[in-house]
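*Asks:* In case you want the letters, here they are:
2 protein chains.
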Amino acid sequence: MFSKDRVILVTNDDGITSGGIRALVEVMQEFGTVIVVAPDKPQSAMGHAITIHFPIRLAKVDIFDDVEAYACSGTPVDCVKLAVDKILHRKPDLCVSGINHGANSSINVIYSGTLSAAMEASLEKIPAIGFSLLNYSSKADMEPCKKYVRNITRQMLTNGVPNYHLLNVNIPNLPQNEIKGIKICRQAKARWEESFEQRKDPMGGTYYWLTGQFINLDPGEDTDIYALDNGYVSVVPVQHDLTAYEDIDFLKTNWQL
Amino acid sequence: MFSKDRVILVTNDDGITSGGIRALVEVMQEFGTVIVVAPDKPQSAMGHAITIHFPIRLAKVDIFDDVEAYACSGTPVDCVKLAVDKILHRKPDLCVSGINHGANSSINVIYSGTLSAAMEASLEKIPAIGFSLLNYSSKADMEPCKKYVRNITRQMLTNGVPNYHLLNVNIPNLPQNEIKGIKICRQAKARWEESFEQRKDPMGGTYYWLTGQFINLDPGEDTDIYALDNGYVSVVPVQHDLTAYEDIDFLKTNWQL
Chain W
1 MFSKDRVILV
11 TNDDGITSGG
21 IRALVEVMQE
31 FGTVIVVAPD
41 KPQSAMGHAI
51 TIHFPIRLAK
61 VDIFDDVEAY
71 ACSGTPVDCV
81 KLAVDKILHR
91 KPDLCVSGIN
101 HGANSSINVI
111 YSGTLSAAME
121 ASLEKIPAIG
131 FSLLNYSSKA
141 DMEPCKKYVR
151 NITRQMLTNG
161 VPNYHLLNVN
171 IPNLPQNEIK
181 GIKICRQAKA
191 RWEESFEQRK
201 DPMGGTYYWL
211 TGQFINLDPG
221 EDTDIYALDN
231 GYVSVVPVQH
241 DLTAYEDIDF
251 LKTNWQL
Chain R
1 MFSKDRVILV
11 TNDDGITSGG
21 IRALVEVMQE
31 FGTVIVVAPD
41 KPQSAMGHAI
51 TIHFPIRLAK
61 VDIFDDVEAY
71 ACSGTPVDCV
81 KLAVDKILHR
91 KPDLCVSGIN
101 HGANSSINVI
111 YSGTLSAAME
121 ASLEKIPAIG
131 FSLLNYSSKA
141 DMEPCKKYVR
151 NITRQMLTNG
161 VPNYHLLNVN
171 IPNLPQNEIK
181 GIKICRQAKA
191 RWEESFEQRK
201 DPMGGTYYWL
211 TGQFINLDPG
221 EDTDIYALDN
231 GYVSVVPVQH
241 DLTAYEDIDF
251 LKTNWQL
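Chains W and R, in that order, are what the protein sequence lines are. So the first sequence is numbered by the numbering used here: it starts at 1 and just counts up by one. So the second sequence is numbered by the numbering used here: it starts at 1 and just counts up by one.
Looking at chain W on its own, in the form it has when it is part of the complex:
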């Protein structure tokens, strides 16, 4: 279902030279005209950061066959904003982010630069998908992902998602013949239990490295974590309203304001 007139913006948070974005570009070329605007360095865990204290640079780079591509000094969200305003001068027909080297299931949706880029596109009413593979290696084999990226992209272009909500897609780190299929899921309740590794620099100063352990708090069988644990690709539709509606009555009733 290739159409030259369909403009597809590709970005990520691992940086423009990562293997994941290369695989994503290859699949997107089957669907339309691809433009890449991606960070010039790794921007993982940047959340929905935007750059307001520094100017942003764009450099045209020639690293993909037949694809206009720009390395951007800003965050993944900056990439989407700049692409729309200064490169495309229009909204693309689709924005895809990834393929991330590492999981973005569950609560990672709020930490992930990959997902934030897709979220930004979605806020601008651009159909948007974030793709992630459950393998943190920079050398991860992205080939088994392609079938699912292709399938989900085709469905997005054919059937869409209501209200321009984005999709958070995670792919288990399995050979293609062991992946059982695709499940529509909800976000599992989970959190990171942080711990910092304390070290001394050569001058004797203390510094810390953030490390952490992912804790799934959700026994549900309809979650993304459950789907991934059982060999399925997970697809979670994601919206932007963080209001805890069920608390409004509680606060109105119990708080003396």
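Hints were generated in silico from the structure; no laboratory data involved. Any given hint could turn out to be false.
Identical chains blur together in the list; that is why a pair holds if it fits in one copy or across any two.
As the list claims (entries may be wrong) - Within a straight-line C-alpha distance of at most 16 Å, the following computed EDC-like cross-link-like pairs (lysine to aspartate or glutamate) qualify:
(1) 91 to 193
(2) 125 to 241
(3) 252 to 222
(4) 125 to 194
(5) 86 to 193
(6) 146 to 30
(7) 86 to 197
(8) 125 to 193
(9) 252 to 30
Guided by the hints, dock chain R onto chain W, whose structure is given.
*Replies:* Structure of chain R alone, referenced to chain W:
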């Protein structure tokens, strides 16, 4: 309702030397033992960024009367994580973030470092509030905020919020006698329309400054924007599940996966 045993973690995203955090510390000292762990430089618009590619530094600073305080080289979220793991060695009884110099109503909840710090505390099941004043000036007068910060903090400590959801509190930029009261609200649907200012550096290279215009898309009278526009302090309870539940059936029915 002061209690020495009540430990209150104060952070922000404007940096530890901002006027807003000073005002927040002053009010929190009425409630318990205050510890400040805040960024050593402005970290506005950092969203839920965490620092994984660089080590993080902490420096003890003596800038508040009778308050243990640390300047942190990381993001607002890093500050909360480090405070719990390496300074307090326990969860605080309350985490407050702000007072931000500028609005964090509506969709700003996902861009704001102030709110992300409170979100991180909330994910760790710590009662958490983000406070913001609708005045971007670094010299903004924080005095009119104090009454509302005090009132909302007292209610949080007395009556709480279900499920450790955080509160996003915005305060209109008005003299205290013109503020009409406090409203419990939902997050207004809104977005930023970005535009980049293109400039040339002295070497002739192009760079961009992110600017933008906030667009309220929501005519509702129960939103935070509406409350603020009408002279009220807005309080939005905020949760962490971004699943668009109403889309799940649509996708299961219409997508061929």
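*Asks:* Run every hint past the structure and note whether it holds.
*Replies:* Tested hints:
Within a single copy, residue 91 and residue 193 get their C-alpha atoms only as close as 39 Å, which misses the 16 Å cut-off; across copies the closest is 12 Å, which meets it. For the homomeric pair residue 125 and residue 241, the shortest alpha-carbon distance inside one copy (14 Å) is at most 16 Å, but the shortest distance between copies (21 Å) is not. Taking the shortest Cα distances, residue 252 and residue 222 sit within 16 Å of each other only across copies (12 Å), while inside one copy they are farther apart (32 Å). In this assembly of identical chains, residue 125 and residue 194 lie within 16 Å of each other by CA distance solely across copies; the values are 14 Å between and 35 Å within a copy.
Proximity of residue 86 to residue 193 under the C-alpha cut-off of 16 Å is restricted to the inter-copy arrangement: shortest distance 13 Å between copies versus 40 Å within a copy. Within a single copy, residue 146 and residue 30 get their C-alpha atoms as close as 11 Å, which meets the 16 Å cut-off; across copies the closest is 58 Å, which misses it. When the C-alpha separation of residue 86 and residue 197 is checked against a cutoff of 16 Å, the pair qualifies only between copies, where the shortest distance is 10 Å, while the shortest distance within a copy is 41 Å. For the homomeric pair residue 125 and residue 193, the shortest alpha-carbon distance between copies (12 Å) is at most 16 Å, but the shortest distance inside one copy (34 Å) is not.
Taking the shortest Cα distances, residue 252 and residue 30 never come within 16 Å of each other, neither inside one copy (53 Å) nor across copies (25 Å).
Going down the numbered hints, you'll see the structure goes against just number 9.
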